[in-house]
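S.K.: Generate the whole structure from the sequences, applying the supplied hints.
In the order they appear, the protein sequences are chains A and B.
Residue 57 in my numbering sits at position 57 of the first sequence; the count goes up by one each step and never skips.
Residue 209 in my numbering sits at position 97 of the second sequence; the count goes up by one each step and never skips.
It should be emphasised that the hints constitute simulated quantities derived from the structure, not laboratory data.
Here the structure is a predicted model, which is why all the values come from computation and not from measurement.
Misleading hints may appear alongside valid ones.
Calculated Cβ distances over 12 Å to all of chain A for the following chain B residues [claimed, not checked]:
(1) 118
(2) 121
(3) 126
(4) 129
(5) 132
(6) 164
(7) 168
(8) 175
(9) 182
(10) 183
(11) 189
(12) 197
(13) 218
(14) 225
If you want a taste of the chain B side facing chain A, the calculated C-beta under 7 Å gives, among others [stated by the list, open to error]:
(15) 155
(16) 157
(17) 165
(18) 166
(19) 207
(20) 217
(21) 219
(22) 220
(23) 222
Beta carbons are placed, not taken as given, at the ideal position from N, Cα and C, and that holds for glycine.
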Amino acid sequence: GDSVTQMEGPVTLSEEAFLTINCTYTATGYPSLFWYVQYPGEGLQLLLKATKADDKGSNKGFEATYRKETTSFHLEKGSVQVSDSAVYFCAPLSYNTDKLIFGTGTRLQVFP
Amino acid sequence: NAGVTQTPKFQVLKTGQSMTLQCAQDMNHNSMYWYRQDPGMGLRLIYYSASEGTTDKGEVPNGYNVSRLNKREFSLRLESAAPSQTSVYFCASSASNLRGDTIYFGEGSWLTVV
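M.R.: Structure below.
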């Protein structure tokens, strides 16, 4: 069945460091791909998405490129801020069920 | 800009008790969802409603029932709570269940069953 694998956290960085959170998926066809972010005590919010191969989603300085050949959708940011501290979820949209499949989430902690 | 509102935010239940989590959205969305979030397991879909008047099971429906009361409201009921249902529950909605539609989440309901 469809599945997604994210790198385990927590990821601990100093402010202004470069961030990469890896995400790979197994799915039928070419699913749309999403990154959601969950700030402490809140629900999930859409961060960015890409709907076809080679698309790059971007928002708030974060980027992720849909890599069909490696079935990956890694999240990157060039310079993180303390306010980016949150849990990040990679979520492909299952071709079979039309439902999002969430990864286990990666906690990011950014220190001043 | 309320979006998706769910109540209660926190609840403690005894094993065997029943309760209903309420959810309402003000975005005129057709599709609504209930997820649970457990440590190390991401979010798992419990039930969803593609449109008013329809409901379908998700990945983990056992022990739950849902009601799509109208287009705005989608409730989740635990008839006889069990400790395994201790979790954070999220209601969500989207304009439709078509591929690529953004899903909007509520702030979560923390449920503890003792």
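S.K.: Against which earlier hints does the structure fall short, listed by number upward?
M.R.: Hint check: 1, 2, 7, 13, 17, 18, 19, 23 fail, others pass.
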